[in-house]
Amino acid sequence: MRLEEKSLSELNAATYNPRVTLEPGMEEFEKLKTSIEHFGDVEPIVWNERTGNVVGGHQRLQVLKFLGRETATVSVVDLGEKEEKLLNLALNKAKGEWDNAKLEKMLRDMDTENLYFTGFGPDEIAVMLASNDGIDDEDWDEGDNDWQDDVNFYGAAWIITARFRNAEEAQAFIDREGLPGVCKANSNTTVIRFGE
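Residue numbering for the sequence shown is 1 to 196, as defined by full-length UniProt numbering.
If you're looking for bench data, these hints aren't it; they were derived computationally from the structure. Fair warning: this is a prediction, and the values are worked out from it, not measured in the lab. Hints may be right or wrong, so weigh each one.
[Unchecked claim] Straight-line alpha carbon distances no greater than 30 Å define the calculated DSS-like cross-link-like pairs of lysine-lysine that follow:
no.: 1; residue 1: Lys65; residue 2: Lys82
no.: 2; residue 1: Lys93; residue 2: Lys82
no.: 3; residue 1: Lys33; residue 2: Lys102
no.: 4; residue 1: Lys82; residue 2: Lys102
no.: 5; residue 1: Lys65; residue 2: Lys105
no.: 6; residue 1: Lys105; residue 2: Lys31
no.: 7; residue 1: Lys6; residue 2: Lys93
[Claimed, not checked] Listed next, with one range per pair, are the computed distances between beta-carbon atoms:
no.: 8; residue 1: Val20; residue 2: Ala172; range: 29 to 37 Å
no.: 9; residue 1: Glu4; residue 2: Glu177; range: 51 to 59 Å
no.: 10; residue 1: Lys65; residue 2: Leu179; range: 46 to 54 Å
no.: 11; residue 1: Lys65; residue 2: Glu177; range: 23 to 31 Å
no.: 12; residue 1: Arg176; residue 2: Thr71; range: 53 to 61 Å
no.: 13; residue 1: Lys82; residue 2: Ala13; range: 12 to 20 Å
no.: 14; residue 1: Met1; residue 2: Gln171; range: 40 to 48 Å
Every residue gets a Cβ at the ideal spot worked out from N, C-alpha and C, and that includes glycine.
Throw the hints in and build the complete structure from the sequences for me.
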């Protein structure tokens with residue numbers, strides 16, 4: 001890893017980045033702007049010299065451009081496209097709001113053995129992918145069990161997926177039985193994951 005000063009015009013925002021783009025006036029944008037104005041640009045943007053893409057620091061890049069800055073310190077990496085995307089997820093895991101459609105696409109495109117490096121746990125991935133299983137919860141047919149074919153629950157010894165009339169009923173079942181389940185709001189699908 002090395003640090004370099006780069007022109008902001010050389011830093012390409014990655015089109016796949018699953019974070020919501022910040023705009024002036026948004027709470028997170030204003031917080032980051034205030035921080036940069038007060039402390040300076042203390043956290044380098046992560047930039048992949050092989051692709052020219054920003055891997056981490058998209059929100060910081062937006063704020064720096066807004067502030068009229070012309071350059072930024074970047075941490076330079078040299079990664080292939082798959083590794084770049086894995087690092088992007090790992091860096092963004094605990095920051096900002098997700099664009100769920102982009103996030104789901106990235107997770108589905110990952111090789112199972114690489115999901116660990118994203119920073120997401122198996123339970124989180126199971127819930128994210130199951131919540132977008134393509135089934136309209138209101139019209140669910142009891143005989144329909146094809147939905148799980150495209151869902152990858154990496155690391156799970158076994159998974160139980162149950163259907164309930166509403167999320168409250170599902171959560172009551174989980175609480176009553178003391179199960180390690182996750183109930184997704186506004187969904188009748190509940191994923192219960194057991195051991196590794």
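Status of the hints after comparison with the structure:
1. Lys65 to Lys82: holds, 27 Å
2. Lys93 to Lys82: holds, 17 Å
3. Lys33 to Lys102: With Cα atoms ~25 Å apart, Lys33 and Lys102 stay inside 30 Å; holds.
4. Lys82 to Lys102: Measuring from Cα to Cα gives roughly 15 Å; hence the hint holds.
5. Lys65 to Lys105: holds, 28 Å
6. Lys105 to Lys31: OK: Lys105 and Lys31 at ~29 Å, within 30 Å.
7. Lys6 to Lys93: Distance ~25 Å between Lys6 and Lys93 Cα, so the pair holds.
8. Val20 to Ala172: 29 to 37 Å: 32 Å Cβ-Cβ, so the 29 to 37 Å window holds.
9. Glu4 to Glu177: 51 to 59 Å: holds, 55 Å
10. Lys65 to Leu179: 46 to 54 Å: holds, 47 Å
11. Lys65 to Glu177: 23 to 31 Å: The hint (23 to 31 Å, Cβ to Cβ) is violated, given that Lys65 and Glu177 are roughly 51 Å apart.
12. Arg176 to Thr71: 53 to 61 Å: This hint holds: roughly 58 Å between Cβ atoms.
13. Lys82 to Ala13: 12 to 20 Å: holds, 19 Å
14. Met1 to Gln171: 40 to 48 Å: For Met1 and Gln171 the Cβ distance comes to about 44 Å; the hint holds.
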